[in-house]
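Chemist: The lines below spell out each chain.
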Amino acid sequence: MRQLDWIVLATTILFIVLYGMWKGRGSRNIKGFLLADRSMKWYTVAFAIMATQASAITFTSTPGQAYVDGMRFVQFYFGLPIAMVILCITAVPIFHKLGVYTAYEYLENRFDTKTRVLTTLIFLISRGLAAGITIYAPSLILSVMLGIDIWITSIIIGGLVIIYTTSGGVKAVNYTDFFQLIIVMTGMCIALGVALYLLPKEISFTDALSVSAVMGKLNTIDFSLDFRNRYNVWSGIIGGMFVALAYFGTDQSQVQRYLTGESVTQSRLALLFNGLAKVPMQFFILFIGVMVFVFFQFVQPPLVFNPVEVGKVKSGVRAQDYRQLEEKHNNLFQKKSEEIREYLQARHQHDDVRIAEKKKELQLLQQRYDAVRAEASNLLEENDRKSDTRDTNYIFLTFVLTYLPVGLVGLIFACIFTASMSSSSGELSALATTSIIDVYKRFIKREASEKHYLMVSRIMMAFWGLYGIAFAQYAGRMGSLVEAVNILGSLFYGTMLGIFLLAFYFKPVKGTAAFVGALSGEIVVLYCFRFTSIAWLWYNVIGCFVVVGVGIILSVFERTKTSDSLASS
Amino acid sequence: MENLNSNNDNIEEMPPILGSWKKIYLVVLLNLFGLIILFYSFSEAFK
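Protein chains in written order, with this note's numbering: chain A, 2 to 570; chain B, 4 to 50.
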């Protein structure tokens with residue numbers, strides 16, 4: 002990065018922090034600090050919801066995923082609009098009517114204390130670990146790409162978030178999220194424009210689409226019903242709907258966003274806007290990755306995009322093996338590039354026989370090319386077991402750093418920083434709110450002044466922020482534990498959703514039945530995780546059904562027992 | 004918990020557009036359906 006890039010990066014970040022502090026000023030009680038006095042308009046809430054959901058990884062890794070795997074990941078979001086409608090009908094009016102601060106507070110009102118404690122603990126553990134990763138993952142990528150130590154990047158992200166969340170609370174979080182999403186989307190639009198502009202002059206937009214389709218990157222829709230296939234229309238609509246219901250309906254980091262809406266209408270409109278905009282937004286981000294892929298069909302990409310890992314292998318004992326792979330990769334690239342030009346020529350001449358022939362050759366070449374990249378990934382792992390082989394995280398940023406003009410590079414990196422700050426701030430405020438409302442105010446100090454609770458809220462925000470920074474320092478040494486933490490969330494979402502569905506729709510089910518149902522659901526999900534090959538998206542569906550099923554059966558038994566004992570007395 | 008009858012808790016509010024929530028929900032679901040069709044046509048067109 003050049004001087005102008007650093008200036009753009011620093012100015013953008015500084016603006017966000019100062020803006021957050023200014024907009025968040027004046028909170029005198031915890032309702033103001035934790036719920037923004039329920040005064041937010043739908044568009045601020047909607048952007049905050051989308052910014053919290055879209056972490057830095059969304060903007061760095063998703064284009065990389067499209068580069069490698071095509072656009073099929075977009076199907077994962079098909080269930081989200083349906084979930085938004087369901088939540089608008091059920092959760093939003095209930096949470097607003099009861100005036101709760103957290104989703105778990107509602108569960109004590111509906112069931113009992115133990116169910117509230119169980120869900121609070123699940124949230125604090127799973128979201129607490131995820132919050133550490135939300136800082137760690139982008140810090141690692143930024144440190145690799147910018148060549149600075151991870152402790153600096155994590156302190157910048159975590160430290161700045163602490164400054165504006167502790168000073169302005171949720172109001173600051175929502176207003177900064179609004180701007181952060183605008184900045185990020187502007188940056189992504191510019192990146193797409195540059196990727197298209199940098200294509201060779203003779204390659205038109207339809208040529209680019211045609212090349213990506215031949216290489217299997219426009220695989221947007223798959224109607225096949227396969228439970229082991231992670232991304233198809235059915236797993237997206239059904240599994241994705243359950244994930245979205247659980248995330249937006251039971252995870253405080255999202256519930257808190259729409260609880261700040263000034264009315265049921267404002268909260269509903271925010272969620273529905275998310276339902277309208279999320280799928281096109283993900284399509285757009287994936288599409289950037291596909292265009293970067295097309296760009297790299299004409300300009301030679303590196304064999305491995307992570308510069309740190311390349312440096313390590315080149316200075317190690319396997320350097321010779323790596324160089325041989327690089328040579329293979331370069332030859333394949335040249336062949337592929339020539340074949341693509343010939344394919345396009347045939348396409349322009351409408352020569353169907355040659356088109357079919359070239360398509361076949363290109364697909365074979367792409368397979369061989371992917372195989373060489375897979376070999377390189379294995380080599381990195383053999384060279385160093387702790388190496389970061391998730392190369393998808395570095396593809397888009399390599400393109401940005403190498404090919405974007407000066408100034409824009411700084412803007413894109415500012416986007417990545419602000420995206421990680423917006424997700425982190427949402428998580429920190431949710432963790433702090435749950436710690437205060439469901440633990441401190443409920444079990445430790447029930448009666449205290451507003452000033453006291455406000456002070457403890459600020460301390461909690463700072464505590465979770467410092468914890469996130471500390472986690473980021475050690476996460477690299479935890480190796481596979483980081484992946485385990487990512488899986489952890491999906492293991493609990495189904496259970497959480499099951500409890501809330503029982504609460505919303507099954508009035509006769511009481512606390513103990515819901516609690517036992519939750520424990521049963523969790524056991525079944527853990528069994529599926531450990532002993533079956535079912536794709537993780539389905540865990541949410543399975544867990545949820547078991548919780549609801551067991552909860553209903555137990556409540557029927559309870560009612561039969563109660564009516565029997567009443568009859569006998 | 005706050006007063007259940009506070010001003011914020013009017014759950015029967017009318018939406019600002021289209022006259023009913025049901026119509027807005029339908030628009031969101033039709034948008035999803037339209038996008039699936041559009042994406043399918045998009046990928047088929049370049050196959």
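Treat the hints with care, since some could be wrong.
Once the Cα atoms are required to be at most 30 Å apart in a straight line, the calculated DSBU-like pairs of lysine-lysine come out as [as the list claims (entries may be wrong)]:
{"id": "1", "chain 1": "B", "residue 1": "K26", "chain 2": "A", "residue 2": "K98"}
{"id": "2", "chain 1": "B", "residue 1": "K26", "chain 2": "A", "residue 2": "K42"}
{"id": "3", "chain 1": "B", "residue 1": "K50", "chain 2": "A", "residue 2": "K329"}
{"id": "4", "chain 1": "A", "residue 1": "K442", "chain 2": "A", "residue 2": "K511"}
{"id": "5", "chain 1": "A", "residue 1": "K98", "chain 2": "B", "residue 2": "K50"}
Derived from the structure by calculation, the hints contain no laboratory data.
The structure displayed is predicted, hence computed values, not measured ones.
Chemist: Just to be careful, I want the Cα atoms of K442/A and K511/A compared with a cutoff of 30 Å; is the pair within it?
Modeler: Distance ~24 Å between K442/A and K511/A Cα, so the pair holds.
Chemist: Would the pair K26/B and K42/A pass a check requiring their Cα atoms to be no farther apart than 30 Å?
Modeler: This hinted pair holds, its Cα atoms lying about 21 Å apart.
Chemist: For the pair we were handed, K50/B and K329/A, check the Cα-Cα distance against 30 Å.
Modeler: holds (29 Å)
Chemist: Can you confirm whether the C-alpha distance between K26/B and K98/A stays at or below 30 Å?
Modeler: holds (23 Å)
Chemist: Within 30 Å, alpha carbon to alpha carbon, are K98/A and K50/B?
Modeler: Violated, because 51 Å separates the two Cα atoms, which is more than 30 Å.
Hint compliance for this structure: hint 5 is the single one not met.
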